[in-house]
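Colleague: Sequence:
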Amino acid sequence: MAQNYNPQEIEKKWQQKWAADHIYEVKESSKRPKFYALTMFPYTSGDLHIGHWYAMAPSDVYARFKRMQGCNVLHPMGFDAFGLPAENAAISRGIHPYEWTMKNIENMRRQLRSMGAIYDWNREVITCLPDYYKWTQWFFLKLYHAGLAYRAEAPVNWCPKCQTVLANEQVVGEGLCERCGTPVTKKELKQWFFRITKYAEKLLDHNGLDWPERIKVMQKNWVGKREGAEISFWLEHEGVEQKEIRVFTTRPDTIFGVTFFLLAPEHPLVSQLTTPEHKAEVDKYIAWCRRQTEYERVALGREKTGVFLGSYVVNPISKERVPIWITDYVLPTYGTGAVMAVPAHDERDLEFARKFKLPVRTVIAPPGGTGEELAEAYIGPGAMVNSGEFSGLPSEQGYEAICALLKKKRWGKRIIVYRLRDWLISRQRYWGAPIPMIYCDKCGVVPVPEEDLPVLLPPDAEFKPTGESPLKYCQSFVNTTCPKCSGPARRETDTMDTFMCSSWYFLRYTSPETKNAPFDAAKVKYWLPVDLYTGGAEHAVMHLFYARFFTKALKDMDLVDFDEPFTRLFNQGTIIYHGDKMSKSRGNVIAPDEYVAKLGADAVRGYLMFVGPWELGGEWNDRGIVGVSRWLNRVWNLVTADYTSRVVYPEAEKEFLHLTHKTIKEVTADLAKLRFNTMLSSLMEFTNYLSKVKESGVVSGSLWGEAISYFLLLLAPTAPHLAEELWSRTGHHYSIHNQPWPEYDEELAKEEEITLVIQVNGKLRDKVLVPASISEIEAKELALGRERLKAYIDGKQVTRVIYIPKRVVNIVVK
RNA sequence: GCCGAAGUGGCGGAAUGGUAGACGCGGCAGUCUCAAAAACUGUUGGGGGGCAACCCCCGUGUCGGUUCGAAUCCGACCUUCGGCACCA
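Sequential numbering from 1 applies to the first sequence in the numbering used here.
Bear in mind the hints are in silico, worked out from the structure with no lab data behind them.
Accuracy of the hints is not assured; some may be wrong.
[Claimed, not checked] Ranges of calculated distance between the beta carbons of each label pair, as one might list FRET restraints: (1) Lys355 <-> Thr333: 18 to 26 Å; (2) Glu787 <-> Glu751: 23 to 31 Å; (3) Ser476 <-> Cys180: 25 to 33 Å; (4) Ser700 <-> Arg113: 39 to 47 Å; (5) Arg800 <-> Asn637: 52 to 60 Å; (6) Pro130 <-> Lys103: 17 to 25 Å; (7) Glu787 <-> Ser696: 31 to 39 Å; (8) Lys187 <-> Ser681: 52 to 60 Å.
Think of the CB as a built atom: it goes at the ideal place given N, C-alpha and C, for glycine as much as any other residue.
Could you put the whole structure together from the sequences, leaning on the hints where they help?
Modeller: Written as structure tokens, this is what we have:
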């Protein structure tokens, strides 16, 4: 044994050599099939913790596996660098967000290099640099010109004491400002939106996508498609210009059960519909609602509140006159902000009716019941009752009949509504890409011409919280000239949501050097869509949804030729520490660095894969990490020490070959399924077996050498440094990472002998080693003839004998 | 509340209708050593029996069901984690 395993030394050595030789540089070659393996890029919060490595190391292993399997693999890395934490760090430490971010990136890059991944650093993407955000702005303009961007008033979280806009995550507890504890209110601001709702139907379609079912379900719920009818109720209140008010309902068949009518407190007709004698009470209620934080308002299980406006609407079908109330459980943003209340068949409406002593009328009888005296709201289908000419119809037919009547009389129509709202991208923040828009008193809203991009973020802005967009106070930024009339004009001072930056970064990786376009179209055509995208499930609806929207919009603009960015999605589990997800903001991070320094990157990579199934994650502990480290040590000793063949047995060689090929088969299958933990078990088992063979010397030296080569190839994705070192020490040509993945021989991998389990009434009573080719008849005969079974069978009647090929004979006795 | 995932030795986990506990950690015993560490070897779910090779019983959150056979499938419940949440 020439030398002990010294991971620090060999890891550094090979990382330097790989970098110097550019072995992981990726070219668009046409000979090998392309494979785009993408890991969600990290946010530049400081340094990488174990949670990051958990996301990145196994995906690197997979990318390396595909590379050895003959694919031209793109496995890039970059940084999501704009966002609130940089600004917060800047405020609390007096350091510029740019400096803070770039320093973090430097550190993270160093940590990533120490992992020994195949990232091609020539393709690195950093979203906060002008050569990147120039194109983020360019996409904004594209969407604007395509009619997908518009400006509208929208509420923001507002702290009246700090005089500042707060992000949702800065609102803590029961709607309090995280800085000063003041209750947060809402403030209306004119902001930019993307018309993502235009794509609602397309975004519901996940056809052809190999994604986890639960992520698809989450996205479907996010879109929240509901079919129903829009119905106009008649207004007969004096002084109201509008003669109708529209509601959305999913249950037009319950229309005869409407006993009152509800509006959101924010509904535009509320003040007109309030009679003078109710005005004081209504105003008081609306003021109270406004004081309610979003948090309180949506909290479930709270008592229903509301007030009567003093006016009425008429049900167009039953012609019944019902009172109008306002309540905070009707949301202004969903449907029409108005609800026809059917207390007998809606739980919330029933609660409201009971609280305010409003009538309840059953109009759908549950199967087998009369429908009278319901203890709780009945929301299922049934026979219509108390419903005029429709009584007696099954509710499904009633639904159709009422819709037909509404259409005929023009009192309403079938519609589809979505829960999905347009994507608000304005942020009243400094550390983001400026929205490339100009406001001119003469010409109005004018987009920045493409040739004037990027709109640079001024380095000298006062980015501390001032009450509005920090850029507003930067005169050199705000004051500009109108691109149309050249007169004085003002720039938009809001910046873009960082989800905008991450909605197209996977395109930039293909060609980050491109100067005159966001990407090289030919290279995008070659690499996209992403073949495997891995990351945390917390991005199920926001990032993944926005990136899909972006891609579909780009397709419609003929900028790309595909409409789904990520063909296969895999979510690794979350690393928990002290009962919480590991994250910088929660202050419970464990750095990989000290483990790397002590045991080497290969051991840390291996351990993260070994702790359990990748999709499960789990509580972090380092109890088992020495196990992986010891195993790598054993591998080192096994391979570096000389092998001496003593007495060669053909039977032993046969078994040796069989186990070698069986291992190749298992490791290959596990990797393909991203089952890293069991892959490592197979490798460890094989190592244990090799140790035994080595001691006995029962196989020839050439066979031994061949098996060691195979083993090192199988080890290469997991422990790239160790495998490279041992590859070189066993006299092979550099580099192991350019070798093809080993193929197994199906015949050799096959089991020749199997353990046949013999059961009596399902209980294990005997085992016997038999040839794998045993027939059913032979197996049954063998089982029945076993001496050991006599005690269980004799004197009893055998009623059945069940044979499961290659596994079990079960003798059923009475 | 709804949706989804999970619950197996002292611990991480393996087995997805057919030998429960692979692999690893930890423990115990041993080898080496003046000693310790490291390394290596053996052993390790619980209970009972046998001088012994071994043998028997129990055991996968709880209760029930389906099946020749259930950790695995079905039903109810409990617990933990993730997501959504008054959506008319």
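Colleague: With reference to the structure, classify each hint as holding or not holding.
Modeller: Results of checking the hints against the structure:
One distance hint, 18 to 26 Å for the beta-carbon pair Lys355 and Thr333, holds here, with the actual separation near 24 Å. Checked against the hint of 23 to 31 Å, the C-beta distance between Glu787 and Glu751 comes to roughly 26 Å, which is consistent with it. The beta-carbon spacing between Ser476 and Cys180, approximately 31 Å, falls within the hinted interval of 25 to 33 Å. The hinted window of 39 to 47 Å between Ser700 and Arg113 holds, with their beta carbons roughly 42 Å apart.
Checked against the hint of 52 to 60 Å, the pair Arg800 and Asn637 passes, with Cβ atoms roughly 53 Å apart. Taking 17 to 25 Å as the suggested C-beta distance range, the pair Pro130 and Lys103 conforms, at roughly 18 Å. For the pair Glu787 and Ser696, the beta carbons lie near 33 Å from each other, so the given range of 31 to 39 Å is met. Remark: the range hint 52 to 60 Å for Lys187 to Ser681 is upheld by a beta-carbon distance near 57 Å.
Violated hints for the displayed structure: none, as all numbered hints are satisfied.
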